[in-house]
Amino acid sequence: MQSKQVQFVGANIEVGQTHKGLSQSAAQFLSYLCKSKKSVSFDINSELSVTAEVRHKSPRSFRKQDLNQIDFSAYKKLAEINDKILQKRNIALNFGGDHSIAVATVEASLRSNPKTHIIWIDAHADANSAEQSFTGSFHGMPVYYLMMNRKNRPACMDWMRSSLHPAQITYVGLRDIDPFEIKLLNDLQIDYFTSDFIRTNGLKKVIDRIQFKNKLFDNIHLSFDIDSLDPKYGLCTGVPALGGLEIDDVFHIFETVRESNKLTNFDFVEVNPKLANSQAELDQIYGLAVQLIQAAVPAKSQPSPTHFKEEIYANLSY
Numbered sequence: 001m002q003s004k005q006v007q008f009v010g011a012n013i014e015v016g017q018t019h020k021g022l023s024q025s026a027a028q029f030l031s032y033l034c035k036s037k038k039s040v041s042f043d044i045n046s047e048l049s050v051t052a053e054v055r056h057k058s059p060r061s062f063r064k065q066d067l068n069q070i071d072f073s074a075y076k077k078l079a080e081i082n083d084k085i086l087q088k089r090n091i092a093l094n095f096g097g098d099h100s101i102a103v104a105t106v107e108a109s110l111r112s113n114p115k116t117h118i119i120w121i122d123a124h125a126d127a128n129s130a131e132q133s134f135t136g137s138f139h140g141m142p143v144y145y146l147m148m149n150r151k152n153r154p155a156c157m158d159w160m161r162s163s164l165h166p167a168q169i170t171y172v173g174l175r176d177i178d179p180f181e182i183k184l185l186n187d188l189q190i191d192y193f194t195s196d197f198i199r200t201n202g203l204k205k206v207i208d209r210i211q212f213k214n215k216l217f218d219n220i221h222l223s224f225d226i227d228s229l230d231p232k233y234g235l236c237t238g239v240p241a242l243g244g245l246e247i248d249d250v251f252h253i254f255e256t257v258r259e260s261n262k263l264t265n266f267d268f269v270e271v272n273p274k275l276a277n278s279q280a281e282l283d284q285i286y287g288l289a290v291q292l293i294q295a296a297v298p299a300k301s302q303p304s305p306t307h308f309k310e311e312i313y314a315n316l317s318y
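Residue numbers for the sequence shown follow this note's numbering, beginning at 1 and rising by one.
By construction, these hints were calculated from the structure, which means they are not laboratory data.
It should be emphasised that the depicted structure is a prediction, and the values quoted were computed from it without experimental measurement.
Please note: incorrect hints may appear among the correct ones.
Listed next, with one range per pair, are the computed distances between beta-carbon atoms [stated by the list, open to error]:
1. S260 to T200: 25 to 35 Å
2. D196 to S260: 22 to 32 Å
3. N152 to Q87: 39 to 49 Å
4. T200 to N152: 33 to 43 Å
5. K20 to F212: 34 to 44 Å
6. K35 to A299: 18 to 28 Å
7. S73 to D196: 12 to 22 Å
8. D196 to C34: 37 to 47 Å
9. N149 to L242: 32 to 42 Å
Within a straight-line C-alpha distance of at most 30 Å, the following computed BS3-like cross-link-like pairs (lysine-lysine) qualify [stated by the list, open to error]:
10. K183 to K215
11. K262 to K115
12. K37 to K76
13. K38 to K232
14. K88 to K262
15. K183 to K151
16. K38 to K115
17. K37 to K232
18. K4 to K183
19. K84 to K262
20. K38 to K64
21. K88 to K38
22. K205 to K76
23. K64 to K215
24. K76 to K232
25. K20 to K64
26. K20 to K274
27. K76 to K88
28. K4 to K76
29. K151 to K64
30. K274 to K213
31. K4 to K232
32. K205 to K232
33. K37 to K64
In this text, a Cβ means the ideal position worked out from N, Cα and C, and glycines have one as well.
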């Protein structure tokens, strides 16, 4: 059976948080691949281009109406790009950008097939409402609004047609969770594994649960935030949290996803080149990104040189 193509999407959206630089990460990742002349065991094809308004200040959202400050046109376009990739039965690789891109990418996955398992690997639950958020940063809210009934969403999200059911999501690596999020996860009986749990009990129960749920769903959407890893790895990310996952833990989870042969969508977010202490440190993180991506996606029979037709960009800088 022919392997699915992995289609690269530069999801350059940094509106969800205050650090500048995330909108440059996808381009720098591609530059790293070309400069290093790496051979990779996955196809990267780029087809479309999306641009959006550029501003200089990230809006803070502490009320529902504050979300109207955000230009959601890029999110809508990002969802449409993902729609096209999934319709071709290929895998979308959305390289962020901040984790707010998931309102678009997960939306597209649910449109494609409502029976999709969302594996969310992150130090943070990203499940605050605007009213409950301590920071007002939208990258801490995507899961909340993905789960909201579409009739109750703000008008700026009226392009979102799907709703994520709590049983569809599995969190791994949580450790910096707000009180509202803890209550939400517990009240809705959402599966989550903290990094403390994994350090104490090992990864077996996590893998067992992921494998069990993978069998219940047709597809898998893997949404990975680099800050899920322990900061000792020099992550170049804006919201690091101590006590994170080990690299081997993430590799094991990604290999479990690959073995299922159900991966359809993959977010890789929050690598900020402007937060790197040196080019060498940034290259190290991009090198790790290549290895992690290859662990999760179906491998081609022979590695081939990376080939890029044209970058896909959902450019949104505030």
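Taking the hints in turn, this is what the structure says about them:
no., hint, result
1, S260 to T200: 25 to 35 Å, "26 Å, holds"
2, D196 to S260: 22 to 32 Å, "26 Å, holds"
3, N152 to Q87: 39 to 49 Å, "28 Å, violated"
4, T200 to N152: 33 to 43 Å, "38 Å, holds"
5, K20 to F212: 34 to 44 Å, "41 Å, holds"
6, K35 to A299: 18 to 28 Å, "23 Å, holds"
7, S73 to D196: 12 to 22 Å, "40 Å, violated"
8, D196 to C34: 37 to 47 Å, "40 Å, holds"
9, N149 to L242: 32 to 42 Å, "36 Å, holds"
10, K183 to K215, "28 Å, holds"
11, K262 to K115, "11 Å, holds"
12, K37 to K76, "34 Å, violated"
13, K38 to K232, "25 Å, holds"
14, K88 to K262, "15 Å, holds"
15, K183 to K151, "23 Å, holds"
16, K38 to K115, "35 Å, violated"
17, K37 to K232, "27 Å, holds"
18, K4 to K183, "39 Å, violated"
19, K84 to K262, "18 Å, holds"
20, K38 to K64, "45 Å, violated"
21, K88 to K38, "27 Å, holds"
22, K205 to K76, "36 Å, violated"
23, K64 to K215, "37 Å, violated"
24, K76 to K232, "36 Å, violated"
25, K20 to K64, "24 Å, holds"
26, K20 to K274, "7 Å, holds"
27, K76 to K88, "19 Å, holds"
28, K4 to K76, "24 Å, holds"
29, K151 to K64, "14 Å, holds"
30, K274 to K213, "37 Å, violated"
31, K4 to K232, "34 Å, violated"
32, K205 to K232, "25 Å, holds"
33, K37 to K64, "46 Å, violated"
The structure shown violates the earlier hints numbered 3, 7, 12, 16, 18, 20, 22, 23, 24, 30, 31, 33.
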